Amino acid sequence: MPLIKLSGESRTATLACDSFVRVADDAALPEDGGAIVSLTRFRKDRDALLARNAPIGVRLMADESPEQLGDDVHRLSVVVIEFPKFRDGRGFSWARMLRTRLNFKGEVRVAGDFLYDQISYLVRTGFDAFETNFTLEVFTRALSEMSTVYQPSADGRKTIRDLRSGK
Amino acid sequence: MAKVSDPQMLTANRLVDGDVLYWKAGQWVLSLKDADVFAAAKDAEAALAAAQKYVADNVVVNPYLFDVKTDAKGIHPVKEREIIRAAGPTVRDDLGKQASGLGSKPPPRRIEMPPKPGKDNDVSI
Amino acid sequence: MYRYDEFDAKFVAERVEQFRGQVARRLSGELNEDQFKLLRLMNGLYLQLHAYMLRIAVPYGTLSAKQLRMLAHIARKYDRGYGHFTTRQNIQFNWPKLVDVPDILSDLASVEMHCIQTSGNCIRNVTADHFAGAAADEIEDPRPIAEIIRQWSSLHPEFVYLPRKFKIAVSGSAHDRAALKFHDMAVEIVRNDAGEVGYRVLVGGGMGRTPYLGYVVGDYVAKTDILAFLESVMRVYNQSGRRDNLYKSRIKILAAALGPEEMRRQVMREFMEIKQKGTLALPAEELARIDAYFAPPKFESLPDEMPKGDADFENWKKTNVHAHRAPGYAIATISLKPIGGVPGDCSAEQMDALAELMDKFGMDEIRVSHEQNLVLPHVKKRDLPAIFARLSELGLATPNAGLITDIIACPGLDYCDLANARSIPIAQDIAKRFADLDKQHEIGELKIKISGCINACGHHHAGHIGILGVDKKGVEFYQLQLGGSGAEDASIGDIMGPGFGEHEIGPAVERVVKAYLMLRQDGERFLDTYRRVGMEPFKNMAYLDQLYAAH
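Protein chains in written order, with the working numbering: chain A, 1 to 167; chain B, 168 to 292; chain C, 293 to 843.
So here's chain A without its partners, still in its complex pose:
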């Protein structure tokens, strides 16, 4: 599936190449290149995965808190958070946890079922990569619909209160 990433200082949305391959639980690990495995697989083959001289990522299901990665989270290049169904909003909290509690600096990617109308919430809670069929034009439009926000979130965006006090 195509990948949209937010990049650069201005966090502009761009189409990107997915440099990772998703590895099934029972499949062999590729010799090189980025690999994304499930949490189950990561637990099982942790040492082997981390010993690879290649980027590693973990794909979390909706009920898997990023805290289950422990300190290993900082050795990951990407954490993929799955939305099984657009109305299951746990992923917003997981992304926010990655950014704020765990101070994760890598890529936080969303995969699965999400709506155009959720794109701005995903960006605000800390996602910066999106497995999606939305075009870049549509994606960018989603981000422009609401020009102000009332509350702070993981993206550090200025709130209406900041703007009121001239920050």
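Hints are computed from structural coordinates only; laboratory data are not their basis.
Note that this is a predicted model, so its numbers are computed, not measured.
Heads up, a few of these hints could be off.
As a list, the in silico DSSO-like pairs of lysine-lysine whose alpha-carbon atoms are at most 30 Å apart [unchecked claim]:
{"no.": "1", "chain 1": "A", "residue 1": "5", "chain 2": "C", "residue 2": "302"}
{"no.": "2", "chain 1": "C", "residue 1": "457", "chain 2": "C", "residue 2": "764"}
{"no.": "3", "chain 1": "A", "residue 1": "158", "chain 2": "C", "residue 2": "457"}
Once you have looked at the hints, place chains B and C on chain A.
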């Protein structure tokens, strides 16, 4: 409880304005009394399947079948909910289909049995 | 009251355009109904039994005359000339067309109103004491913090796809007029030992299939910390609330499963982190800025004399006029419960007339109470006769606030897609049975609440007499519950037993009241007598007909 062999009718809501619709010969009408009654379950199922086209075309939402029965006065839904849906709010007879001649006022309230005394109902004072 | 600045106005305007786009995408089929449903719910739009229903937010139940006039306009232009005030202080219109809703939202935005998050799995309208800012027994007006919570929760990116809906209430008085303990989360304004004002936070209350009373999760939260604290509770819920079972997905289930100790631990963990980062600190200047919007109107110095009038006026004063903090002023309840009328309904003509009353006598303010009445919070005592006279002309002067005919009823099967039974005709029947005003006063305070299904929008669990409509083999039946209360002495009503048919429930309620009158001791309300003697005598009286029938 309606018997399995009760006749059925098909209803839906129109997407653009929420109006209650009833199926008639491959199309939708506003009044239950003008609509098709399916005596056989297979005809009802066929109509429900045909109605999906209107869902796919974003004309109606949520088509479903409901049980009806016939008496001397005509066709009536079995369930209170469908009786009210066909007519309008029972507390405002100036609103809904009943007001515009598209539905009849709900029939007079049924007579129901008082609750049967159960074993655990101590009726001593 | 709060006034939008350019930021609030733009926010609402952009939201309207966003919804306009969503409607267009639905009509074109780009969105299917399953996807659109949650989006339209987040703008308060339901699909009900006969038509769509639009729920408009009335933040903490406060309206200006201009806003009330706009509601009248919407009722006339887009609907059938009336609206319905709800148990969460909102207003509902029962007949809007989907294609008109973006324009309705635009009209609302022009008077600083919206339908944002009045449904959906998100934080809903923040309700507050309907006597806020006027009641004599208030520690502080709860509306400033309710407004701050409203802004913080509006399109909060992390909390718009919660396991289920989330309802917050705020109270500024020890006398709880906001039913705090029945809410998912509640904020009670309190003083600590040092005399400082802060917040007690409760969590885990709820109605519905499994009612719960909330428990305290934060004994004293300083004002500056309140948003950080509330956000912590929301995060625990969003992460851990059940999503596998619709009937177990409210926070009340999680709160009961975790228990107070573990809930506090999880909340405090989040809270300490947020507090340390400082991102949600509520500065004193911001509080003061919002407070200023709710500064009390300029009260004149008036003699504190209550005018007298004829018997009708005197009767109305007994129940519908309440003490105000400023001498010479009063709070007036406008009953939307005329005997035999539809509880909570108000016509466009009545709304316009009330707007005039607000201009003339009401200092441009009206409140919606969760008991489905309206309140003029600031009226001069000397104006009460003129106000009463006008209300009488409008059919809005029923002298029954808090009495047995002041019944709360959800729309029920007459309107609602979720209902199992009708509730409004039952309310009408009961009200007619007790129409005699002397009888009503003899009975005294007795709150009857009726829900047409287990979702409990009529708040029947908090009724002194609660009635739940059920579907028993296709026939409407009504279960009685006794002894519920939504005040500071909160309790969940006890189920009496097998249900009564629609012609039996009225007589059953009459027998229950008769039992009360027989058993009560000096000064006891119905609720007090029930709490003293228990269910048995009431149950025996209620099912009395069976005794004779069986014989």
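Checked hints:
1. A/5 / C/302: holds (28 Å)
2. C/457 / C/764: Distance of about 28 Å is within 30 Å: holds.
3. A/158 / C/457: Holds: residue 158 of chain A and residue 457 of chain C sit about 27 Å apart, inside 30 Å.
Of the numbered hints listed earlier, not one is contradicted by the structure.
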